[in-house]
Amino acid sequence: FHALIAQDREIVKVVLLLTGSVEGTKKQVHDYLQTFMGYEHLWKMDKQAEYKKFMSTEPDLEAFDNELKKYVDMEAAIHAIPAVHHIGCMSLETNPVKNSLRSEAQAWKLQYSKNLHAQARDEMQELQDRMKDYSQKLERKVNDLDDVRDVMAVLKQIRDRESQIEYQIVPIEEKYHLLAKNGVHVDKEETDDLNHLMESWKRVKTQAGVASDKLIEMQTELKDTLKQNVKDFVKDAKNFRTDFVNNGPMIQGLAPMDAAERLNKYKRLFEERQRKWDSYCEGEELFGLPITQYPELEACKKELELLDKLYGLYVQVVQTIKGYGDNMWTEVVAQIDSMTETATGFQALCKRMPKQLRDWEAYAELKKTIDEFFEVLPLLQQCSQKSMRVRHWEAIMQVTGKTIPMDESGPSAETCKLQHVLDLGMVGFVEDIEDIAGGSDKELQIENKLEQVIEMWDSQAFAFSNFKQRGPVILASKELGE
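My numbering numbers the first residue of the sequence shown as 921 and each following residue consecutively.
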């Protein structure tokens, strides 16, 4: 049947015509679909990577405008594509493709507009917060010189930043204008804030003018108050100096830890006066008055700074040694190197103290504490040797006249701490301690040799031979020779 049809010229002619028509239509369809490939970058390229590359160029507002306009124009071009395209006997429905392409274009536009919007919003919020801060400070009631100083500082900031703030408002407005032009939605509340931004700044400047006029009106009263306060403060400074010299941390015979406590007390008292000192000097400078000098406070400040260095190190040394003292005696061996390194560091810090401090009694006490700790470390190392027996520790306690917790093998592993050993005061008996510890080492060597001799002779067997009629009473010479 197929062969019969294939031989019919009319049928073959129709088949050829249909084949040619289908192939032609197929090519037209393919060519039409190729027109959509001009948008392939919308789905092929990575949005985040491209945006990151764009931001690396530090784009200005014009660059953002160009990017947003590109995708707005692209959306318009896609929208203009006919919904139906006729090719021969076929009608191609383009709406599904158009919707997908428009969604992709909108996503790209959103990528840029979202970040531009966030940038504009943050800049506007920063300006609003700054103006609100200015306004709150200017509304504060002026009662004393501290308040005057704060208001003057705000007025100075407003004068210094006036042109800068006005210059910042314009770019923010331009960014929001660009977003609106490209159809980006902005909340009404945010739009209202933008519209009131310049008005808010004008109100702040008006408020600054009012505050400045008020300060001028109060000037005479504040100046008189300042003069009286300075006069009283001069007397207070002299009294404080007298009290510091008579009762402060530098009086003779005061224990270092007590001196450190007094130092902290007078530091707090001086800080209170330092605040007044600074406030009054700024007030005198503000009103154009001569700056009052306080030599008593200057002397106290210098001495307190030196004392703080000295007693700061002293307290650190005492607390460190006390911390070591809480360790059990059995743990000392493993910490000797660490303690030696710490003591060396303390010695270096002590040597770097200012020369003015070296004549002070507290400096001599600090140096003595560090040196004694440094000297006792080798003794501790010797006393921690395995050769030390109970008899040696008893000899040390007899020499020093003090005792430590002991058990049957030496210092008690459960109760004896390093502080107990430090309290023996071995630094005052260095030679005796070294002799006892060194003797223990020699005694251990003798004990070890005796043990070797005993071990050797314990394994020996002696053979005896008969002598005349007396029996086995002499060593066998042959076995003895071997």
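You may find that some hints are simply not true.
With a Cα cut of at most 30 angstroms, we get these calculated DSS-like pairs of lysine-lysine [stated by the list, open to error]:
| hint | residue 1 | residue 2 |
| --- | --- | --- |
| 1 | K1122 | K1057 |
| 2 | K973 | K933 |
| 3 | K1018 | K1076 |
| 4 | K989 | K1076 |
| 5 | K1229 | K1287 |
Simulated DEER-style distance windows between Cβ atoms [as the list claims (entries may be wrong)]:
| hint | residue 1 | residue 2 | range |
| --- | --- | --- | --- |
| 6 | D1064 | D1246 | 35 to 41 angstroms |
| 7 | A997 | V1090 | 47 to 53 angstroms |
| 8 | A1038 | V1090 | 50 to 56 angstroms |
| 9 | E1109 | E982 | 51 to 57 angstroms |
| 10 | T977 | D1064 | 50 to 56 angstroms |
In case anyone wonders, no lab produced these hints; they're calculated from the structure.
Even glycine gets a Cβ: it sits at the ideal position worked out from N, Cα and C.
Going through the hints against the structure:
The hinted pair formed by K1122 and K1057 meets the criterion: a straight-line CA distance of about 16 angstroms does not exceed 30 angstroms. Distance check on the hinted pair: K973 and K933 sit about 60 angstroms apart at the alpha-carbon level, beyond 30 angstroms; violated. Distance restraint check for K1018 and K1076: the Cα-Cα separation of roughly 59 angstroms exceeds the 30 angstroms cut-off, and the hinted pair is therefore not satisfied. Of the supplied pair hints, the one linking K989 and K1076 is violated, its CA atoms being roughly 43 angstroms apart against a limit of 30 angstroms.
Distance check on the hinted pair: K1229 and K1287 sit about 14 angstroms apart at the alpha-carbon level, within 30 angstroms; holds. In this structure the supplied range 35 to 41 angstroms is violated for D1064 paired with D1246, their Cβ-Cβ distance being about 51 angstroms. In this structure the hint that A997 and V1090 lie 47 to 53 angstroms apart at CB is violated, the actual value being about 33 angstroms. At about 19 angstroms, the beta-carbon gap between A1038 and V1090 misses the expected band of 50 to 56 angstroms.
At roughly 28 angstroms, the beta-carbon separation of E1109 and E982 lies outside the given 51 to 57 angstroms, and the hint is violated. The beta-carbon spacing between T977 and D1064, approximately 53 angstroms, falls within the hinted interval of 50 to 56 angstroms.
Against the hints set out earlier in the document, violations occur for numbers 2, 3, 4, 6, 7, 8, 9.
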